[in-house]
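**Q** Sequence order for the protein chains is A and B. Just so we're aligned, residue 1 is where the first sequence starts under the working numbering, counting upward by one. Just so we're aligned, residue 402 is where the second sequence starts under the working numbering, counting upward by one.
Hints should not be assumed to be uniformly reliable.
If you want the footprint, here are the derived chain B segments under chain A, 3+ residues with CB under 8 Å [stated by the list, open to error]: (1) 538 to 547; (2) 560 to 567.
Below, simulated EDC-like cross-link-like pairs (lysine to aspartate or glutamate); rule was C-alpha separation at most 20 Å, straight line [what the hints assert, rightly or not]: (3) A:339 <-> A:321; (4) B:561 <-> A:241; (5) B:531 <-> A:23; (6) A:219 <-> A:241; (7) B:417 <-> B:463; (8) A:29 <-> B:559.
Just so you know, these hints were derived from the structure itself, not from any lab. Cβ atoms here follow ideal geometry from the backbone N, Cα and C, with glycine treated the same way.
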Amino acid sequence: MKKDTDKLFGNLSDEDAERIAADYPTGDKSQRDRIFNEIERRVEGRTTSDDMDVSGVETYRPRIYMKVISAAAALVLVAGAAVGGSYLLRGRDKNLTVEPSSEVMEETTETTAAPTTEEQTTEPEVPTEEQLLELLNSRSYDDYPQLNIGYNIVSNATSTIEHGLAKRDMVTGNESMMVKFIRNPDCYKDVDAETLADWGIDPNNIEEIYSSSEMFMYKDLYICVFDNTDENLKDQYEVTDRKDSAFANPNVFASQANFYPEVILEQINTGKYEIQEISGGATFLGRDCTSAHLYCPSVKEYEKKMGRNVMTIDDGDYADEIQLDILVDNETGFILWFKDTWGDCTEEYSVDTLLFNEDAELPEDGAYIKERLSGCIPNCEETAAYDLSILDETPDSENIG
Amino acid sequence: MNDSEILELLHQSPQKGHRALFDEYYSYVYAISVNILRNFGSREDVEECVIDTFTSVINKLDGSAVGSVKPFVGTVAKHKAISMRRALMSKSGKCVSIDSEEIGELRSEERVDRNAENSDMTRQLLQKVKELGEPDSAIIIQKFFYGQNANEIGRMLDIKPATVRMRCTRAIKKLRSLLRDFY
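Chain A on its own, in the form it takes in the complex (with noise of 0.2 Å):
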């Protein structure tokens, strides 16, 4: 039991407890017929727990349930401001009037694909904690000339969804994400038309786009384009120097504030996670994977010994630990699937694309980013004046042979 809850109700006479049990009666149907059910189980043997043949702790022994996580929606949270947030509020002109350009982003559609174990006519391998933390620590974006990766993130502590997709070429060295925020319908379901319209939300389309950018690392430019949800609004872009932005290198992909994995990754690497069962036979998107349950038993010990402050909101509702699954990529140690779990929030990711070299889209080319950016305005002067014409040059693909 949690201790704020024990402090809200700590001190009930049996009256009391009486009292509550006559208005507000408990337990909907499932759990009374399972508790029923044990108890006809019990009666039918003439047994109870104390004639029963235990030891140890085993008669109690509680049932893991699985928590949840908003730490990590709001780290999510927190990349898409970072991404877009700082150069959306710089430079914004809101007394613009010109409508906005089109989508880019295609709608994605496809929901969370859960993790499968099959069947298997022998028994899979099951790695070690060593050769699972050398298969997460081996995965490489760099091994493939053309990779492109997506992913939605589906999270119940959160308002937003999100889809992402990444695409990179090596030989180029050109990358582009995209990354959009849709509205959880679940979230908004009791909230009032007035309340909406006060939030500036359609009633009728709650489950628009809330939010969303996509960046170009094109040569030697970034190029980030923030959507404008104010239909009176065109979207607006930013433009600087590659080599001074975070995707000097072509790094998308282990960019932490892009794949939270590599958040996942780093955090299992500096201990914040107990590997607590490791076992092999998983697929997910056709692929062989090695699945693997982690515990955190305390974020606040964790983030202590990570000298970082820890904020909680004391609302009754907090817990310490964290319990984690994820499923490894056997062939190419990328994290395909986790959910974690964090008191009662519960977030999951899963890669809907994962393609690999010819069967990789490349990332968008100059003249695509043209188009795009020609709906959109500068977000500042620096950005209007600064030279696009290598947009305008030979598109790679043809330059590549």
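With chain A fixed as given, assemble chain B onto it according to the hints.
**A** Frame of chain A, contents of chain B only:
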């Protein structure tokens, strides 16, 4: 269903009688168990205590007559919960030597001097919870008294878990403000 009807049903059709007894007193037994095991046991311990209580009660009622069911059920529930609490304290090492400095931290179950004050505060707390209105008051009680999670509360109240979470967060803020004058 009243006690005499339950006893009659137990006589005519034991299994139906068991279910009627269970449905009538499940919340009562659960409330007593969770109240006594709070701080000491897990959710599973509470459920185990509820199961044990009903098993004992049914075994007793099947074999002999009981005058009044409710006091009997309540007494068995309390004894089972207290017994389990002792067992859990023992397992968790909360039993301390009488010579230990920690002995001072062990308090009597009956804190007479605080009972009156607690009773008043509880009455106010429950009143303020009630003032939240439905379903918020039920959500607060189910979550913070019974320890039910959002999915279970959602099934119970026929609302989505995400809605439960949102309403709970808002309700607890409102409750804090309602209780500010009292705590």
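**Q** Holds or violated: are the alpha carbons of residue 531 of chain B and residue 23 of chain A at most 20 Å from each other?
**A** 10 Å, holds
**Q** Next pair to validate is residue 417 of chain B with residue 463 of chain B; report whether the Cα-Cα distance is within 20 Å.
**A** Answer holds: residue 417 of chain B to residue 463 of chain B is near 12 Å, not above 20 Å.
**Q** Check whether the Cα positions of residue 339 of chain A and residue 321 of chain A lie no farther apart than 20 Å.
**A** With Cα atoms ~14 Å apart, residue 339 of chain A and residue 321 of chain A stay inside 20 Å; holds.
**Q** Check whether three or more residues of the region 538 to 547 of chain B sit with their beta carbon closer than 8 Å to a beta carbon of chain A.
**A** holds (count 8)
**Q** Does the alpha-carbon distance linking residue 29 of chain A and residue 559 of chain B stay inside the 20 Å limit?
**A** 12 Å, holds
**Q** Using a Cβ cutoff of 8 Å, are there at least 3 residues of the region 560 to 567 of chain B near chain A, or does the coverage claim fail?
**A** Three-residue rule met by the region 560 to 567 of chain B, so holds; n is 7.
**Q** Please verify whether residue 561 of chain B and residue 241 of chain A have alpha carbons no more than 20 Å apart.
**A** 48 Å, violated
**Q** Residue 219 of chain A and residue 241 of chain A: Cα distance at most 20 Å?
**A** 9 Å, holds
The structure fails hint 4 only (numbered hints given earlier).
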